[in-house]
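Work out the full structure: start from the sequences and follow the hints.
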Amino acid sequence: MNFTGPIAEAQRGGYDPWNLPDSFTLASYVPDDVRSFLLPHWHGFKALHPMWYYVMGLYYLVMGSIALFGNIMVLKIFGKYPALRTPANVYVMNLAFSDFTLMLTLLPECIWNFFLGGPWRFGEYGCYIHAFCGALCGYNQIFTLVLIPLDRYNVIVKGFSGAPLTFNKAVSMVAFSWIWALGWSITPLFGWGAYAMDGILGTCSYDYVTRDFMNRSHITAAFTFNWVFPLLAIMFCYWSIVQAVFKHEEELRAQAKKMNVTSLRSNQDQNSQSAEIRIAKVSIMNVSLWLAAWTPFAAISL
Numbered sequence: 000m001n002f003t004g005p006i007a008e009a010q011r012g013g014y015d016p017w018n019l020p021d022s023f024t025l026a027s028y029v030p031d032d033v034r035s036f037l038l039p040h041w042h043g044f045k046a047l048h049p050m051w052y053y054v055m056g057l058y059y060l061v062m063g064s065i066a067l068f069g070n071i072m073v074l075k076i077f078g079k080y081p082a083l084r085t086p087a088n089v090y091v092m093n094l095a096f097s098d099f100t101l102m103l104t105l106l107p108e109c110i111w112n113f114f115l116g117g118p119w120r121f122g123e124y125g126c127y128i129h130a131f132c133g134a135l136c137g138y139n140q141i142f143t144l145v146l147i148p149l150d151r152y153n154v155i156v157k158g159f160s161g162a163p164l165t166f167n168k169a170v171s172m173v174a175f176s177w178i179w180a181l182g183w184s185i186t187p188l189f190g191w192g193a194y195a196m197d198g199i200l201g202t203c204s205y206d207y208v209t210r211d212f213m214n215r216s217h218i219t220a221a222f223t224f225n226w227v228f229p230l231l232a233i234m235f236c237y238w239s240i241v242q243a244v245f246k247h248e249e250e251l252r253a254q255a256k257k258m259n260v261t262s263l264r265s266n267q268d269q270n271s272q273s274a275e276i277r278i279a280k281v282s283i284m285n286v287s288l289w290l291a292a293w294t295p296f297a298a299i300s301l
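Counting in numbering that gives the first Met the number 0, the sequence shown tops out at residue 301, every number present.
Hints listed in this document are in silico derivations from the structure and should not be mistaken for laboratory results. Be careful, since some hints might not be right.
[As the list claims (entries may be wrong)] Result set (BS3-like, lysine-lysine): computed pairs, CA atoms no more than 30 Å apart in a straight line:
#: 1; residue 1: 75; residue 2: 246
#: 2; residue 1: 168; residue 2: 280
#: 3; residue 1: 79; residue 2: 45
#: 4; residue 1: 280; residue 2: 157
#: 5; residue 1: 157; residue 2: 45
#: 6; residue 1: 45; residue 2: 168
#: 7; residue 1: 168; residue 2: 157
#: 8; residue 1: 168; residue 2: 79
#: 9; residue 1: 79; residue 2: 246
[As the list claims (entries may be wrong)] Here are the computed distance ranges between Cβ atoms for each label pair:
#: 10; residue 1: 57; residue 2: 161; range: 31 to 39 Å
#: 11; residue 1: 290; residue 2: 22; range: 53 to 61 Å
#: 12; residue 1: 290; residue 2: 123; range: 31 to 39 Å
#: 13; residue 1: 34; residue 2: 244; range: 55 to 63 Å
#: 14; residue 1: 253; residue 2: 81; range: 35 to 43 Å
#: 15; residue 1: 290; residue 2: 48; range: 28 to 36 Å
We put the beta carbon where it would ideally sit given N, CA and C, even for glycine.
The following block contains the structure:
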């Protein structure tokens with residue numbers, strides 16, 4: 000029987016499954032070996048009730064399984080049908096592979112931690128590896144999501160004047176995206192920036208609470224080069240695409256009016272044009288969903 004400490008206090012005060020005493024802080028909740036690498040910033044925060052960790056574990060299990068299945072199906076389809084292995088689709092395949100890798104390397108630890116009550120259970124170095132894998136795949140996805148609209152810009156805006164995307168060039172850009180991601184994700188392991196356990200205890204990511212120069216400079220640089228600049232590039236590409244499409248449609252309508260016909264397009268041209276626009280719309284949706292998912296983290300990290 001425990002006669003002292005927060006557990007004894009809860010026993011004396013009665014059991015409420017959805018409310019913990021204020022004395023249940025994160026520092027008192029985690030084991031000693033985990034407390035050693037829990038940032039002091041989190042020590043005084045009230046602990047989350049273990050019930051919520053089970054809820055999060057179930058959420059991660061369901062959503063992660065859906066994500067894994069979806070990405071496996073995408074990769075399987077590209078592998079099964081050679082006609083889909085176009086240079087432009089190399090970017091889509093890389094995006095699916097990166098997301099699959101993210102789920103495969105991060106999901107098991109999160110589910111294990113949450114279903115066992117929350118605190119990280121893979122040691123300090125396991126925490127750093129977990130955070131590194133998340134950063135590596137995340138940066139790669141950002142870079143790839145810039146490559147996709149750049150390709151659409153080259154096809155729709157530049158047209159015949161643009162250099163066509165070859166398979167070798169697409170593979171080279173994908174390889175560079177991984178090198179770029181590796182460069183940014185490995186630096187916290189060598190002193191520029193840092194990885195740490197999150198306040199939720201079951202995951203690890205960037206140390207966004209320590210305010211020393213090395214940490215803040217890394218966060219600021221990463222935000223600028225992997226968030227602001229990519230976002231500006233994406234916005235420029237899609238704005239140019241919209242302008243080019245509207246200008247082209249206006250020119251066609253003006254010419255058709257002069258010739259006293261309804262449309263200058265053949266059915267094949269209409270189908271080709273609509274296919275390009277559909278691809279652009281899908282790309283916009285992908286980027287929008289990614290922005291919705293990562294904007295809160297980017298804002299908090301600053």
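Hints that the structure is at odds with (numbers, increasing): Violated hints (numbers, rising): 1, 3, 5, 6, 9, 10, 11; every other hint is consistent with the structure.
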